[in-house]
Amino acid sequence: MNARALPRPQIPVNSADPRHAVTLTVNGVEVSREVSPRMLLSDFIRHELGLTGTHVGCEHGVCGACTVLIDGVSARSCLTLAVQADGAELRTVEALADGDAGLSVLQQAFAESHALQCGYCTPGFLMALTEHFESGDPLDLSDEGIREMIAGNLCRCTGYANIVVAVRRAAELSGRS
Amino acid sequence: MSTRQFGSRVQRNIDPRLLRGEGAFTDDIPLPGALHAAFVRSPFARARILSIDTAAARAMPGVVAVYTCDDIGHLDQALPLLIPHPSMRDARTQRPLARDDVHYVGQAVAMVVAADRYVAEDAALAIDVDYDQLAVELDLERAVAPGAPAVHTTHPDNVAADFTQVSGDPETAMAAAQHVTRIRVQVDRSTAAPMECRTVAARFDAASGELVVWDGTQAPIGVRGGLASIFGLDEHKVRVIAPDVGGGFGQKVMFPYPDELLVPFAAIEIGRPVKYIEDRRENFIGSNQERTQIHWIELHATKNGEVLALKDEFLHDTGAFIPYGIAVAQVASTSIAGPYRIPNIEVRFRAVYTPTVPVTPYRGCGRPQSCFAIERAMDKLADELGIDRREIRRRNLIADDEFPWAREGLLFADGLRVSLDSGQYHKALDLVCDRIGWDGFAAEQAAARAEGRDLGIGLAFYVEGTGLGPYEGGHVRIHPITGKVYVNTGLTAQGQGHDTVFAQIVADQLGVPVTDVILVQGDTAAYDWGVATFASRAAVVSGNAIHKTAALVRDKTVRAAANMLEVQEADVELRDGHAWVAGTDRKVPLAAIATASNPLRYAFNEAAQAATQFAPASRHDGPALQDDQHPGLEAAAYFSPECATWAYGVHAAVIEVDRATLQVKIHRYVCVHDCGNMINPTLVEGQVMGGLAQGIGGALYERIEYDAEGNPTNANFVDFLIPYATEIPDVEIAHLETPSPLNPLGVKGVGEAGCIAVGPTIAAAVEDALRHRGGGRFDAVPITPSAILENLGTA
Amino acid sequence: MKPALFEYHRAASVAQAVDLLAEDPGAMILAGGQSLVAAMNFRLAAPSRLIDITRIPDLDRIAVTAEGVAVGAAVRHRTLERHDGAHAVNPLIRAAQAHVAHVPIRNRGTVVGSLCHADAAAEMPLVLLLCDGWVELEGPGGNRRIPAEQFFRMHLTTARASDELATRAVFPALPPDAGWAFAEFARRKGDYAIAAVGAIVQCDAGGRITRARLAACGISSKPVRLGRAEAALAGGTADATAAAEAGRAAATHVDAADDSIATAAYRRHLVAALTERVVAEAAARARRGTE
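Chains as they are written, first to last, in this note's numbering: chain A, 1 to 177; chain B, 1001 to 1795; chain C, 2001 to 2291.
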């Protein structure tokens, strides 16, 4: 195929969607963007902000891969419009580790326990668990209690066993057990 | 000496990056200026396309291109039949975009390329396709009956392949049998559902003529070959990169999917990068699936339960097309006798076209079905002869001293013979029964029944031919600056932890920390000899290739170090990233040895000074490199197995069927498995547990549903029930390690193992729990509460 | 799976939301969006306008009064679930909330949104019906309240007019001496119910049932009162035989067809079993209350 001979079509920079201004705090930094009203928060985080640690697994709220913290509580970024997050304080997996090299207690526990394989669902698990670990509520570290904590997240690789181990280990590392 | 890494529970190298959200999955890779593709997909299972009107879509703001089969030039042809086999006649594969006919709901009909995926989807919906709907038959048995509507006019009987294999002399053996057990079993359709759907992004550099494709595939080298062939490009002008991939489980080994051709095509034609990120609905209707088989299996036995002959005939649903050939059915048919001696086998299958998503391997690849068939048949035989289910197995298992156990006449999916190479089957059976409490269970069951609770126990054995050829390679180089060891192989990873287990193998040879071994895989520009990641073959085939390669580099390193340290080679020890003179504190870093092994002209650092032409150690009596000498510390080698190596295992479960909800609750689950020598037991357990969870999905929850018109009715995560953590029990995993005699590391594959035996284990346990309440046999999975109600006959 | 384009409006007041709704027949209310955005991603819903009501002052309030728990239209499931005052007067709410999807969904999804979405297998419509609650609406013609019995029409359809905004729902307090229970089964925890049943039972000092109220979801095109089961219990003793009898009667209310999750036969079995369970539990609580 002689691609060089082909004409180049005129390409619009973007779609013709109208734009809304949004300003929110993401991982401690205030950001302002103009976005289409239909842009999903998951796409906003990933493609507008370049925070690609938040993954998209189903776009209908079942798998939990896109879970982030909105104003301190876990939420599906695929079921939230970016415009709905205007004014919110958002945290993503990129905010968990302190510094470039380190790992948070949960991350450390996941690594120690082989609680991830492909790693695609992992940020969602970490964010859902962060809500539980940061809340003042006591952690129910029974097998059933831990499975309840991660009940809204699908993992197709691990069979969950080592995630349960990791949660217990994280509780131990953080003095919550 | 350093601690041996092979066999250790080493933490994974890759994890910190993935945990911090720094993974680089296809859609995470910045591709400035990229356009986005979306597809128009057939809403009908069978229909003739009367017209396609793309005018409205083309006129939409933000739309750059719209393609139908008329707009893709030479790509408008049937996609390759990847694995030809003589049992197939005129095998059907699909076209990148449908021409004239569509054959399943989800088949790609047109592709839109637009500024973003939102607009691309708007435009796809604006394309008006006029269809003339045709009759369909979704039921596998009715599809092969006379008069059924054909999926392809070329195949009026819907039979894609008809293949019989025979081992021994089944006819004579059947005549000698005293008892025959016959059952019909069925395993339903499922799907891999990796958490990351399939992805492909492409960029064409007109200046260099290089096409770069990021593809969430298990087979980048294959994709590269396919693209080069179809586009008529030199292989070196096509670079395929499988970056981080979010699970595969077989679904991503098939290629090319239509998008894998059309996205690069559009990138070349438009001159802008193009990206296609499949969404979850598309993954359900556009990416391949597996599992539906109906087996009619007969066991011909003596009164004592010794099985003399096995006859199996099965229908295999291959979906609308058969691009991967008969691999799935062939694996099922050659695994049908399981771990049992059964010296006489006749197995026939017909692969049947149905107007559904095409069928290619999904983790297990035919084994869950054949295991279900043989294990349910063994249970029935035991019941009919009044023999305990454990005992019937004991009487038929291959004994330790009977290996290798060849099944002459059967050819495996790699075209090589079936020979079970090693194992301790009896020990495994004893171990699982011991751990689950087989002997004491009757009392436990009786006590529970007295309280109105229905407990049952079941067990199932599986074997798995792993480590298929034809070959993989390894390339190992010690880096002259940092001393880090770079390793290449032709695989990709989707979570298995290759980067760590291969590093362990190399670390043992070179005496470096595991974290200093860097595996580069999945990039054809870095390394392009090899096959792909599938069939539980990575550790066996690449593992041994890398082991061989690392040993070569070790020899070179020791030789060079001996020269530098002026000692005998036998006195050199490699550990902690250095070569040591044994018993002394004299040492030299590997980086320095690597530098010194390359005759240099320029002294770029201190170590390099020793390798330049006027350094004391430099030769002045001839060429710096001898004829047979290569610079540096590097080597390449390959491993090609003589045939598959057979892993195995046995599962047992105690379950309760809740009387109110009819939900199956797994109280205890024990898995004993043997994948030969384990490189990293933690990762082995991870593979087994992950497979088990998918097996539990297939046994109790997951079934792809089609209505009578061929519409998928649960093509989403709300209705297709992948278990959450709340549905998966704790599992006890026990290891046996019987080395494979077929490779230097003595390893066998483990990737698929966990899922294979779950279905028959659960079915046997449910049957056992409900028999006293008038329950019948459970010869199909998944076992839903509705199915249990129906089985109990109170519906 | 991206939504079609729509206009986005963030309403500052109920009146403005009602005006915005009236202007555009294709408009829909956006609260938590946990069902709506999913439907939009599948392009099963394509509203021309979304009116975000979550920033309207006071709509996020929970008020516990003599008449019960009044839940504003912007109150998230999780907020109500954790509200001890609401739990004190109507413990069915927390019991049912534990079955509403998972925490991240409950963190965003709203209670009134769930009522207005009216999925036939959803928990909160069942609870509203069981408690004899109501929904309050504001429209161009003023406000009105619709009792739960009339609010739920069929799967995904309510008596709310398309130009009306549901501003709050009221879950009445349970009588202090009432026993209550809620049971649900879904094949995966957190999924929509295959069936769920709730019960409110009052007994006299002799253990005789003076009032039994039962409702179920997942078994019909909307949440339903289990009238025949209630009748089977009325005036009788709350023993195992009565509970079983109520279960059999409850099964006659199933009119859902077979689907990919369950057969109709199974739903009959299940609703009978769940009814038996909740009647026994509620009666036990009622007896404890009267002792």
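Simulated from the structure, these hints should not be mistaken for laboratory data.
Be aware that one or more of the hints could be misleading.
Covered stretches of chain B, as calculated for chain C (at least 3 residues, CB under 8 Å) [stated by the list, open to error]:
1) 1184-1190
2) 1275-1282
Some, not all, of what chain C presents toward chain A, calculated at C-beta under 8 Å [stated by the list, open to error]:
3) Lys2189
4) Thr2252
5) Asp2255
Ideal Cβ positions, reconstructed from N, Cα and C, are used throughout, including at glycine.
For this session: Identify every previously stated hint that the structure contradicts and give their numbers, smallest first.
Result: The structure breaks hints 1, 4, 5; every other hint is satisfied.
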